[in-house]
Amino acid sequence: MKNVYSVGQVNAYIRNMFSQDFLLRSISVRGEVSNCKYHSSGHLYFTLKDERAAVACVMFAGYRKRLSFRLEEGMQVVVQGSVEVYERDGKYQLYAKEILLDGAGYLYEKFERLKRSLEERGLFAPEYKRPIPAYIRTLGVVTAPTGAAVRDIINITRRRNPYVQIILYPAVVQGDQAVPSIVNGIRALERLGVDVMIVGRGGGSMEDLWAFNEEAVAQAVFDCAVPVISAVGHETDTTIIDFVSDLRAPTPSAAAELAVYDVRQLLEFLEDRKEGLNRRLRAVLNRDRLRLQHAARSLQHLSPANRIRERRMTCIRLEEGLQAAMKRVLELGRNRLRLYAETLKGLSPLDKLAQGFSHVEDEAGRTVSDIGRIAPGDLLSIYVKNGRALAEVKETSPWSPQEVGKGERDAG
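For what it's worth, the UniProt record's numbering labels the leading residue of the sequence shown as 1, then goes sequentially.
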């Protein structure tokens, strides 16, 4: 076969044609910035587009240092540079040497205009925001049936709580059919009564995400009775429904984490509460057990049987004390009686009579103790130790005690 070329030869030929074209070597192109990325190497990659087409652009770090502003999504700019072919991939792109501002981009202006209008109508007001339920059973998802977004939502939901049912509405998220498809998905899941709804898609350019900037979609999100979490694009992407929804998530993965409570954390929380309740219950039981023991001791101390025992012991002690006191009294009385008996014995007439003394009475039974009370001829009764003698007075003769004492001494 003749005239067969390799891919490299074809790409090199096309590259050579581009380099020889005077127009493409120095050209200025007007368009809107999209997919703007600042690489860690210092290079700047973006897409320049209009209503009909788009071209990939790159500005190397050496030229980017001269850029006086930060390039952002939606900017309308004029890029000066050259159009060349990247020989390895066979793709052409615009190599920017200078970028000039040319006013805000059409889509960006449209976005800001709709944002101001909806804000004035109150669709962004915080009082209309509904709280996201902490624990859900059904999760509604309005997104494309294929792609990383739905896979991330499913994987994260199953990991956090496999008991949550996911109901997916396979919506068109890009193109002319995207807006009615997203609106129908929101209304369909609302009718099914899901607990919370995620509306979104993966990342893309501003044009790719534009369906979520349409007023019809924003109104459907606002009118939805189910709490809605918006999850459109990446963290830096912002759409109209982010302001209208009840909660904005930076990514679809984050939306799943915000919507689905981690059942493991719940189980750990319940286990901690269970252990806390057990500790408090044990503390209450120990406290009540001590109170019961104290009450039992108090009841034992205050019981009638214990009181009877105490009274019995008191009576026994009192009885013993009384008996001891009686013994002491009796002994004291006995000793006193002995003393009185001895005293009485010394004073007893019988004892005196046994000693040789006698007791004399007159006829009237009166004791004769004075010689002057008797006269000769009187009859007297003389009592001695073992009997009585009747005597007649023959003579009376008085005497003094001194004489008696003298006579006793002489007799002695």
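Any given hint could turn out to be false.
[To be verified] Pair by pair, the computed Cβ-Cβ distance ranges are:
no., residue 1, residue 2, range
1, 366, 341, 56 to 66 angstroms
2, 54, 187, 26 to 36 angstroms
3, 15, 254, 17 to 27 angstroms
4, 15, 187, 23 to 33 angstroms
5, 30, 265, 27 to 37 angstroms
6, 29, 216, 25 to 35 angstroms
[What the hints assert, rightly or not] Once the Cα atoms are required to be at most 25 angstroms apart in a straight line, the calculated BS3-like pairs of lysine-lysine come out as:
no., residue 1, residue 2
7, 97, 37
8, 115, 97
9, 65, 97
10, 394, 345
11, 385, 345
12, 110, 65
13, 37, 129
I should point out that these hints are in silico values taken from the structure, not numbers from a laboratory.
C-beta: ideal position from N, C-alpha, C; glycine also.
Consistency of the hints with the structure:
Roughly 29 angstroms separates the CB atoms of residue 366 and residue 341, a value that falls outside the hinted 56 to 66 angstroms. A beta carbon spacing of about 33 angstroms between residue 54 and residue 187 agrees with the range 26 to 36 angstroms that was offered as a hint. Judged by the Cβ atoms, the range 17 to 27 angstroms given for residue 15 and residue 254 is violated: they are separated by roughly 43 angstroms. Range check, residue 15 to residue 187: about 53 angstroms between beta-carbon atoms, so the 23 to 33 angstroms window is missed.
A hinted range of 27 to 37 angstroms is violated for the C-beta pair residue 30 and residue 265, which are about 53 angstroms apart. At about 33 angstroms, the CB distance of residue 29 to residue 216 agrees with the hint of 25 to 35 angstroms. In summary, the hint linking residue 97 to residue 37 is supported, as the alpha carbons are separated by about 16 angstroms, within the 25 angstroms threshold. Restraint check for residue 115 and residue 97: not satisfied, since their Cα atoms lie roughly 34 angstroms apart, outside the 25 angstroms limit.
For the hint linking residue 65 to residue 97, the alpha-carbon distance of about 10 angstroms falls within 25 angstroms, and the restraint holds. Pair hint residue 394 plus residue 345 does not hold up; C-alpha atoms about 34 angstroms apart against a cutoff of 25 angstroms. Restraint check: the Cα-Cα separation between residue 385 and residue 345 comes to about 15 angstroms, which is no more than 25 angstroms; the hinted pair holds. For the suggested pair residue 110 and residue 65, the alpha carbons sit about 31 angstroms apart, so the restraint of at most 25 angstroms is broken.
Under the criterion of a C-alpha separation no larger than 25 angstroms, the hint pairing residue 37 with residue 129 is inconsistent with the structure, at around 33 angstroms.
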